Amino acid sequence: MSAAWTLLREHWRWWLVPLLLTLLIGAALAALAPDPEPTMPLHYDLPTR
Amino acid sequence: MPYSRAVVATARARRVKIALVGIGAAVGVALAAAGLYLSRATRYDSHAYDGIYRESADPVLRVELIPRVNQYINADGFFGRDYARAKPPDTWRIVGVGDSVTMYYAAEQLGYLSLLERSLPAAVGRDVEVLNLAVASYETPQQVRSLATRGLRYEPDFVVVGYCVNDGTDFVQLARAIGATAAIEGRWADDNLEVHERIRDALIAREALDPQRLFDEHIRPQRKWQESLAAFDELQSLAAREGFAVLVVLFPSLLALDDYFLAPLHRSLLAELDRRGLAALDLWPVFREAGSVVALRTSPGDSIHPSAEGHRIAALAIERWLRARRPWKQAAR
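Protein chains in written order, with this note's numbering: chain A, 4 to 52; chain B, 307 to 639.
Bound conformation, chain B alone:
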């Protein structure tokens, strides 16, 4: 082969080899990406909470979940497997009620009630069932109503109420009342981080950051607050009549928890629950100790819904509370 042709052939062979390396790397990247996508896409169902609601015939409830609308909602219209109405022998049964805070992560079985169902048997020493009757948008009156009309059929020994700060407070009304209307323009709901942050910022700007006054003047008089307390009255009489114990778990707004503008709301609610003989667990100090509040949010702009990590911390705190008091030792119903 003449020299010049040999040079051309070598150059061509080099180009072919470079192309082969490129093809190999590209196929490798594509395979790795596809593998990653498939392994993660199958882990969680992003549509678990889509199209699950219908109007309820019950005027208090207004909405309810559609039974068996997807694989996560049972025949009785709540997240989880089907449970026998009659409590199985040698079983300690918890019924949980709440709003979206308690309902979310139920499909993934990463919510605090799911975690308790898995962890509690070791402490209780017998079977434990934890039913999650929570429905997004339910406030305290709806939660107590769903307990009365559905939850009690399951003969609970113990009832957990997942209380979220917006269950007894209308944050849109609050923002309007203090003139922080910019906080709510075009906002989708009251549990938006910006709404909470701007209410706080409006107070700071006016050098009137007095959370106690904010609570006394603008939250306590709200109809929603009063309705929430009336529902707790009802819960108290239900518990006395039916013989179950109650724990109200208070989830804080996931703002800067060291300088927390809803502290008086927590204090007041705890006092109101205590007055009614209803036990309470405030997660504010628990979440505050957990470090980064941002890591406890399910998404950066959401001050209400805890992340899976937040649920894990909540479940641990509730388990600790239960282990210290051992309510399962009380006479079985």
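Excised from the complex, chain A in its bound form:
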């Protein structure tokens, strides 16, 4: 665990930059994508006699 932690700390740029980049791309795509619209059910679950 401590070896992995040391590795992450020593090379933080190598994982933090791609992480932030993907988040940035994700946020940009979400902002560009149209608002999702609720879709109404096709069936009514009406009580039957």
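To be clear, the hints were calculated from the coordinates, so they are not data collected in a lab. One should not assume that every hint holds.
Stated by the list, open to error - Computed spacing ranges between beta-carbons, pair by pair: (1) Ala332(B) <-> Trp8(A): 13 to 21 Å; (2) Leu27(A) <-> Glu615(B): 28 to 36 Å; (3) Leu622(B) <-> Ala30(A): 31 to 39 Å; (4) Gly357(B) <-> Leu27(A): 35 to 43 Å; (5) Leu49(A) <-> Ser543(B): 28 to 36 Å.
Every value quoted in this text rests on a predicted model; they were computed, and no experiment measured them. Virtual Cβ for every residue (Gly too), placed ideally from N, Cα, C.
Put chain B on the given structure of chain A with help from the hints.
Structure of chain B alone, referenced to chain A:
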């Protein structure tokens, strides 16, 4: 360090860095996906319309919504907040009745009645309340009944009836009558796009696409059509007795609207309403002008229920109609 070990160490360091880039990207994708899911999942409740019905003691209504069964249905059993029975002073009050077309999107407050409640005060110049008494499956007789037994308690100044083409037409019976039975095999209901499309296709195939004859021979004689008209008679006398004005909003089937096989149904209904002194707004030309009819459907296989965009367009058309006539200027009840 000997040369060979240095090479191995460099290669190992490169692999570690590639792995770190991979881990960073993977965590980024996971976080972005989770964020997207949470932000969108909380916006709409996909269960808003589940388990909301019960049998009604009223033999005309047959079913009704269960009061307070979820956060969207009020104590009186309709979508929306609780409204005082007595109309508050200086308020113009609309009661809307209808079927699933009018009921859907009520939970999301994206239905045309919700949109009107938000937009009309600017035009009316005082408070406006728009109550949505619609219940999925209600046809015209049930809609008028629920207005008479529930809606009138709220002292409406104005009543909106959301009329859908299947409120006065049994499309399953129609498909059987013209031999388009393939259209209805295994289908769940009459408001399926395929049913409407295949009825039209059956007519085209027989080179007998005469919508007027289809209406005259197979829709007008239907019991459902006659019951719908009888309910409008009742609505007319209710309106006269109670002193409210009415607007019937006619939602078309969301098929190709340029070559619309239900045009005679619209014409005939408008004439019948006019005969009864009931105002009507036909959304067929409005939706036809809106461009893509597919964008107006809530889902690709559904020819009946408009999307949120369809509701937005309907609300704008109704607001335009109201602004032109200003029914709120008439003597208050």
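Results of checking the hints against the structure:
1. The hint said 13 to 21 Å for the Cβ distance between Ala332(B) and Trp8(A), and at roughly 18 Å that hint holds.
2. Between Leu27(A) and Glu615(B), the C-beta spacing of about 30 Å keeps the proposed range 28 to 36 Å intact.
3. The beta-carbon spacing between Leu622(B) and Ala30(A), approximately 32 Å, falls within the hinted interval of 31 to 39 Å.
4. Between Gly357(B) and Leu27(A) the C-beta distance comes to about 42 Å, which sits within the given range of 35 to 43 Å.
5. The given range of 28 to 36 Å is respected by Leu49(A) and Ser543(B), whose C-beta atoms sit roughly 29 Å from each other.
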